[in-house]
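Chain L is fixed; fit chain Y onto it per the hints.
Protein chains in written order, with UniProt numbering: chain L, 1 to 245; chain Y, 1 to 245.
Just so you know, the hints here were simulated from the structure itself, not pulled from any lab data.
Built from N, CA and C at the ideal position, the CB exists for glycine as well.
Check the hints yourself; a few may be wrong.
Now the in silico label distances, taken between C-beta atoms and shown as ranges [unchecked claim]: (1) T149/Y to A52/L: 27 to 33 Å; (2) D47/L to G71/Y: 41 to 47 Å; (3) D15/Y to T49/L: 28 to 34 Å; (4) P172/Y to V244/L: 21 to 27 Å; (5) E40/L to R233/Y: 30 to 36 Å; (6) G71/Y to D15/L: 31 to 37 Å; (7) D219/L to P100/Y: 25 to 31 Å; (8) E101/Y to D47/L: 34 to 40 Å; (9) P100/Y to T49/L: 55 to 61 Å; (10) A211/L to R236/Y: 27 to 33 Å; (11) R45/L to G235/Y: 44 to 50 Å.
Below are the PhoX-like pairs computed for lysine-lysine, each with C-alpha atoms no more than 25 Å apart in a straight line [claimed, not checked]: (12) K142/L to K200/Y; (13) K189/L to K189/Y; (14) K189/L to K214/L.
Here's a subset of chain L near chain Y, in silico, CB distances under 7 Å, partners left out [claimed, not checked]: (15) T19; (16) P20; (17) Q21; (18) T25; (19) A89; (20) A90; (21) I110; (22) L118; (23) G129; (24) L153; (25) L205; (26) Y230; (27) V234.
2 protein chains.
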Amino acid sequence: MSGWLTVVGLGPGDDAMTTPQVSATLQAATDVVGYSKYVERVPERTDLTRHASDNRVELERAQFALDLAAGGSQVVIVSSGDPGVFAMAAAVFEALEQGPENWLSLDISIQPGISALLAAAASLGAPLGHDFCAINLSDNLKPWALIETRLRLAAQAEFVMALYNPRSAGRPHQFARALDLLRECCGNKTLISFARDVSKPSERLQTMTLAEAKPDMADMRTLVIVGSAYTRRVGRYVYTPRSVA
Amino acid sequence: MSGWLTVVGLGPGDDAMTTPQVSATLQAATDVVGYSKYVERVPERTDLTRHASDNRVELERAQFALDLAAGGSQVVIVSSGDPGVFAMAAAVFEALEQGPENWLSLDISIQPGISALLAAAASLGAPLGHDFCAINLSDNLKPWALIETRLRLAAQAEFVMALYNPRSAGRPHQFARALDLLRECCGNKTLISFARDVSKPSERLQTMTLAEAKPDMADMRTLVIVGSAYTRRVGRYVYTPRSVA
Numbered sequence: 001m002s003g004w005l006t007v008v009g010l011g012p013g014d015d016a017m018t019t020p021q022v023s024a025t026l027q028a029a030t031d032v033v034g035y036s037k038y039v040e041r042v043p044e045r046t047d048l049t050r051h052a053s054d055n056r057v058e059l060e061r062a063q064f065a066l067d068l069a070a071g072g073s074q075v076v077i078v079s080s081g082d083p084g085v086f087a088m089a090a091a092v093f094e095a096l097e098q099g100p101e102n103w104l105s106l107d108i109s110i111q112p113g114i115s116a117l118l119a120a121a122a123s124l125g126a127p128l129g130h131d132f133c134a135i136n137l138s139d140n141l142k143p144w145a146l147i148e149t150r151l152r153l154a155a156q157a158e159f160v161m162a163l164y165n166p167r168s169a170g171r172p173h174q175f176a177r178a179l180d181l182l183r184e185c186c187g188n189k190t191l192i193s194f195a196r197d198v199s200k201p202s203e204r205l206q207t208m209t210l211a212e213a214k215p216d217m218a219d220m221r222t223l224v225i226v227g228s229a230y231t232r233r234v235g236r237y238v239y240t241p242r243s244v245a
Numbered sequence: 001m002s003g004w005l006t007v008v009g010l011g012p013g014d015d016a017m018t019t020p021q022v023s024a025t026l027q028a029a030t031d032v033v034g035y036s037k038y039v040e041r042v043p044e045r046t047d048l049t050r051h052a053s054d055n056r057v058e059l060e061r062a063q064f065a066l067d068l069a070a071g072g073s074q075v076v077i078v079s080s081g082d083p084g085v086f087a088m089a090a091a092v093f094e095a096l097e098q099g100p101e102n103w104l105s106l107d108i109s110i111q112p113g114i115s116a117l118l119a120a121a122a123s124l125g126a127p128l129g130h131d132f133c134a135i136n137l138s139d140n141l142k143p144w145a146l147i148e149t150r151l152r153l154a155a156q157a158e159f160v161m162a163l164y165n166p167r168s169a170g171r172p173h174q175f176a177r178a179l180d181l182l183r184e185c186c187g188n189k190t191l192i193s194f195a196r197d198v199s200k201p202s203e204r205l206q207t208m209t210l211a212e213a214k215p216d217m218a219d220m221r222t223l224v225i226v227g228s229a230y231t232r233r234v235g236r237y238v239y240t241p242r243s244v245a
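Chain L extracted, bound-state conformation (with noise of 0.2 Å):
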């Protein structure tokens, strides 16, 4: 049998959650690749090889699954939420970029999940029901002003913002920089939702406006959703309407 790659997302963390799709995929695969916390969320089996490797190897892992694919191996690269929203997939296909011409012809394919941001706006209402962004924090791989930038447009946009990786240990000020700036460009009036490890057991709601926001209410495992002037709340839940009449 010949190898294939494929990259699936397993879902913010309930396994009720993970698609029907990337299941089979993965009783399918003698190779499983992926940040570890990941990777222990796919059942061992006799017949499976599970590689888990510390985070921020990306491109490195990218090219291991590659090549283990390359060599015959039928390996999915395991992702939290949607492998394509700030996650593998696009390292894979860095990875080939970069790579040898012979991965081009191999059997590469993407399998969506959950992300993050549609299953924190579920649990708290619908505050994605109009036009929104999706912003990721991290300046890992983007340099700071670019993301101050991006803020400033997406409110004058009067998008919804979902920000992705809003804080980390290594780079604490800049989440305060970022709430600043947020409540000079919507006011201080905007709702914002923290939602912190969604769909699990642990899972954490608060809401509340940017006046009342701290920048300790973030961390890597939180996904911040910033309202439009039009976002608001109804009984328990945060919504956006559908018009903006």
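Relative to chain L, chain Y alone:
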């Protein structure tokens, strides 16, 4: 047993992309409410009443479902894709806001699905690998001028853009206008992808430069993805690198 209302996303079309969570909810329901094409995707059962309605009557459909749940039924509203992205979840909260006080104590929840944008991105490769936005091009619920403003700001922010409802029989000229605007703001060489009937047997994917794109390549069953300046091809795939360097 007391009533409840859950709004679920069936995913883009392939049943293998419907989450086990959503399938279990449909099994537990007494009533399914939705646009006829989506209700048809729910298997018939003797103890399940299927209420199929016309498209574009979202608010009445939401009110009908809330009323059924208030009367003690176990009600599911079905959306295609994800219910929170240009679908029924926001309409339910609009109806809740306008409805009788007692609806606020109802057990209402949202269960995410694989959205068209995630499924289209996966079929194409990884075009959403960097910051992105989602814009509904229909001017049924917002002025066309606002749509143009958002396209301009999104281009300025270098967001990859997922464009929903690009073109309908009732407004065939607006997508031509949008393409002209995108050529002006993003340049002729920017890649654009048309993903029609994603995940269905009739799936069709086309990628080209903005210079080559024609308005009639899109219809209401097409999700359009406009790349950033960094979006490119590798082999048969389209992807946006994680880094802007």
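Structure versus earlier hints, numbers of those that do not hold, lowest first: 1, 2, 7, 8, 10, 11, 12, 13, 18, 25, 26
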